[in-house]
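Undergrad: If you want the building blocks of each chain, they are given just below.
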Amino acid sequence: MFASNTRNLMRSSFLQRCKSTLVVAEHNNEALNPITLNTISAAKKIGGDVTVLVAGTKCGPASEALSKVEGVTKILVAENAAFKGFTSESLTPLIVAAQAQFKYTHILAGASAFGKNVLPRVAAKLDVSPISEVIDIKSEDTFVRTIYAGNAILTLKSKDPIKVITVRGTNFQPAATSGGSGAIEQAAAGDYASSLSEFVSQELTKSDRPELTGAKVIISGGRGLKSGDNFKLLYDLADKFGAAVGASRAAVDAGFVPNDLQIGQTGKIVAPDLYIAVGISGAIQHLAGMKDSKTIVAINKDPEAPIFQVADIGIVADLFKAVPELTGKL
Amino acid sequence: MARVLVGVKRVIDYAVKVRVKPDKTGVVTQGVKHSMNPFDEIAVEEAVKMKEKKLATEVIAVSVGPAQSAEVIRTAMAMGADRGVHVEVPQAEYELLQPIHISKILAKLALDEKADLVILGKQAIDDDANQTAQMTAAVLDWPQGTFCNKIEKTDAGLTITREIDGGLETIKTKIPAVLSADLRLNTPRYATLPNIMKAKKKPLKKVTAKDLGVDTTPRIDIISVEDPPVRQAGATVADVDALVAKLKEGGHI
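Residue numbers (our numbering), protein chains in the order written: chain A, 450 to 779; chain B, 11 to 263.
Just so you know, not all the hints are guaranteed correct.
[To be verified] Computed cross-link-like contacts, DSS-like style, restricted to lysine-lysine with a CA-CA straight-line distance of at most 30 Å:
| hint | chain 1 | residue 1 | chain 2 | residue 2 |
| --- | --- | --- | --- | --- |
| 1 | B | Lys118 | A | Lys778 |
| 2 | B | Lys210 | A | Lys574 |
| 3 | A | Lys587 | B | Lys124 |
| 4 | B | Lys27 | A | Lys507 |
| 5 | B | Lys256 | A | Lys770 |
| 6 | A | Lys574 | B | Lys211 |
| 7 | B | Lys182 | A | Lys675 |
| 8 | B | Lys256 | A | Lys665 |
| 9 | B | Lys210 | A | Lys606 |
| 10 | B | Lys61 | A | Lys740 |
| 11 | A | Lys655 | A | Lys606 |
| 12 | A | Lys587 | B | Lys27 |
| 13 | A | Lys750 | B | Lys27 |
| 14 | A | Lys689 | B | Lys163 |
| 15 | A | Lys574 | B | Lys220 |
| 16 | A | Lys743 | B | Lys34 |
| 17 | B | Lys258 | A | Lys608 |
| 18 | B | Lys163 | A | Lys655 |
| 19 | B | Lys160 | A | Lys681 |
| 20 | B | Lys31 | A | Lys587 |
| 21 | B | Lys59 | B | Lys182 |
| 22 | A | Lys675 | A | Lys655 |
| 23 | B | Lys118 | B | Lys27 |
| 24 | B | Lys31 | A | Lys606 |
| 25 | A | Lys743 | B | Lys258 |
| 26 | B | Lys184 | A | Lys533 |
| 27 | B | Lys124 | A | Lys606 |
[What the hints assert, rightly or not] Beta-carbon label-pair distances, calculated as ranges:
| hint | chain 1 | residue 1 | chain 2 | residue 2 | range |
| --- | --- | --- | --- | --- | --- |
| 28 | A | Gly496 | B | Lys208 | 53 to 61 Å |
| 29 | A | Phe551 | B | Gly36 | 36 to 44 Å |
| 30 | B | Leu203 | A | Ala642 | 50 to 58 Å |
| 31 | B | Asp249 | A | Ser627 | 40 to 48 Å |
| 32 | B | Lys208 | A | Glu774 | 36 to 44 Å |
| 33 | A | Gln758 | B | Gly223 | 34 to 42 Å |
| 34 | A | Glu774 | B | Pro32 | 28 to 36 Å |
| 35 | A | Asp688 | B | Gly36 | 20 to 28 Å |
| 36 | A | Gln622 | B | Gln40 | 54 to 62 Å |
| 37 | A | Glu513 | B | Lys160 | 34 to 42 Å |
Hints listed in this document are in silico derivations from the structure and should not be mistaken for laboratory results.
The C-beta atom is built at its ideal place from N, Cα and C for all residues, glycine as well.
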């Protein structure tokens, strides 16, 4: 019994020492995506070494930025034409190879369209059950995430030897972008080109406004706006705040704005300092994406709209009168 | 392409406000309205459309879950699926089933049924995992087209428009492939009464995970399921001036 206790003790201290996390960086070959910084903070919460993998056709800008990020021990760089478009079919074998070489206990990425696409494929190749969009890390194997559109909070313990996790960016502070001294190393070379899929093109929504998921203030419009043209009212108001503009599913489905502005269970999750919901009723699915905002303002003509149940400040008024008036008074 | 496999999940209806069980083991499902996961309706619609365009010869609807999961397979058949496969899992075991298990089951069925395409919803609105399609593709070593906004068949394979964070992206994949439907892929049809009646006569095969050789050993322990923190309801203000004053008070302007 004594022997087995000692063994368990040794085993647990061994595991403790060897805890190490691989963060898969998200970037566009020009700049690091900020969600990677939030993910690095989550990795630090787990403890142990933090390595960040940068894969792409051009890795210089992201890896240089990462070498200064506080808490990053090592940056693994894989620059290769195979990673054009960051397809999961090419990235998965690279991540699996890095895992085989360095035996990470945790593999993390931000819960963005990129992370959601790639990490489950990696997890399946490692035969482990991935954990999506964690909002908190209790210990190295216990994680918190939301289910049912944020209406229940699940705390789970993973039994798998490798934890593959996506991280909800808004629940972790971004890591400091200075003060770090991570070493840049080349990832093991390999033939990662996949014939299964091929990136063709991207059609990105151009905007001078801040990116939705990182914005401090968001003005969001719903069905009540009645048309795409009327969104101009929100853009004018957003200009006063330097805010990003978001939308409910109804506004996207009606074609008022592009899909990448959708906030909610199946769109983006945001938690700005100030969220102004204009002409949005506040369906469960929309609330899932914004109810962690610090201050919520609702402008709606229906006093019964569910959005008023979560709003800190509400005004029952016609948005076509109230919004221009508000813009004028700021 | 010949055969399309569509995965459908029975979930608590999207309009229901879920209640957490007092013992914190899960949410109350008994006596609560269930229906097909909304993203899966879109997946079924796309598969049926492919058949109508003669791009597919047969659509097979699959659901993994307890006895009641057969209902969503019938719904899929009423929408136009030709036949169904119900992988029956007892309720207790089902509660700890994860996308990793489902993906292995779907991959096995895709091979057994000689499917050329597997279409799934991008996420189930209960566990919000957004994993099953990606994992099924990995198990099969097939390409994945996730968050599909548009799917076009070409001579060489598929051209897919995907919904990504900054806008849209186009990729090409080979066939066979696994696809996951986003909300804007299509508008699902309603099953008409005659089609609901006809669906009752369509073949529905029952198998177990064991029959398929898939190990369903739990990969997680549920520690707790709790209510989210409740937001303090605020006050409504009378006019825009009062709103501006409040925003000033809060330091927002």
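Undergrad: Evaluate each hint against the coordinates.
TA: Hints versus structure:
1. B:Lys118 with A:Lys778: violated (63 Å)
2. B:Lys210 with A:Lys574: violated (39 Å)
3. A:Lys587 with B:Lys124: violated (44 Å)
4. B:Lys27 with A:Lys507: Outside the cut-off at roughly 47 Å; violated.
5. B:Lys256 with A:Lys770: Cα-Cα ~19 Å, so holds.
6. A:Lys574 with B:Lys211: violated (39 Å)
7. B:Lys182 with A:Lys675: Not satisfied, since the Cα-Cα distance of roughly 36 Å exceeds 30 Å.
8. B:Lys256 with A:Lys665: OK: Lys256 of chain B and Lys665 of chain A at ~18 Å, within 30 Å.
9. B:Lys210 with A:Lys606: Given that 30 Å is the threshold and the Cα spacing comes to 41 Å, the pair is violated.
10. B:Lys61 with A:Lys740: Given that 30 Å is the threshold and the Cα spacing comes to 41 Å, the pair is violated.
11. A:Lys655 with A:Lys606: Given pair Lys655 of chain A, Lys606 of chain A is violated - Cα atoms ~41 Å apart, limit 30 Å.
12. A:Lys587 with B:Lys27: Satisfied, since the Cα-Cα distance of roughly 27 Å is no more than 30 Å.
13. A:Lys750 with B:Lys27: holds (24 Å)
14. A:Lys689 with B:Lys163: violated (46 Å)
15. A:Lys574 with B:Lys220: holds (21 Å)
16. A:Lys743 with B:Lys34: holds (27 Å)
17. B:Lys258 with A:Lys608: Not satisfied, since the Cα-Cα distance of roughly 50 Å exceeds 30 Å.
18. B:Lys163 with A:Lys655: holds (29 Å)
19. B:Lys160 with A:Lys681: holds (28 Å)
20. B:Lys31 with A:Lys587: holds (22 Å)
21. B:Lys59 with B:Lys182: holds (20 Å)
22. A:Lys675 with A:Lys655: holds (23 Å)
23. B:Lys118 with B:Lys27: It is violated: about 35 Å lies between the C-alpha atoms, which goes past 30 Å.
24. B:Lys31 with A:Lys606: OK: Lys31 of chain B and Lys606 of chain A at ~19 Å, within 30 Å.
25. A:Lys743 with B:Lys258: Holds: Lys743 of chain A and Lys258 of chain B sit about 15 Å apart, inside 30 Å.
26. B:Lys184 with A:Lys533: Holds, at about 17 Å.
27. B:Lys124 with A:Lys606: It is violated: about 36 Å lies between the C-alpha atoms, which goes past 30 Å.
28. A:Gly496 with B:Lys208: 53 to 61 Å: Since Gly496 of chain A and Lys208 of chain B have Cβ atoms about 59 Å apart, the given range 53 to 61 Å holds.
29. A:Phe551 with B:Gly36: 36 to 44 Å: holds (37 Å)
30. B:Leu203 with A:Ala642: 50 to 58 Å: For Ala642 of chain A against Leu203 of chain B, whose Cβ atoms are near 52 Å apart, the range 50 to 58 Å holds.
31. B:Asp249 with A:Ser627: 40 to 48 Å: holds (46 Å)
32. B:Lys208 with A:Glu774: 36 to 44 Å: Given a distance of about 57 Å, which is not inside 36 to 44 Å, the answer is violated.
33. A:Gln758 with B:Gly223: 34 to 42 Å: violated (49 Å)
34. A:Glu774 with B:Pro32: 28 to 36 Å: With a Cβ separation near 47 Å, Glu774 of chain A and Pro32 of chain B fall outside 28 to 36 Å, so the hint is violated.
35. A:Asp688 with B:Gly36: 20 to 28 Å: violated (46 Å)
36. A:Gln622 with B:Gln40: 54 to 62 Å: violated (41 Å)
37. A:Glu513 with B:Lys160: 34 to 42 Å: holds (37 Å)
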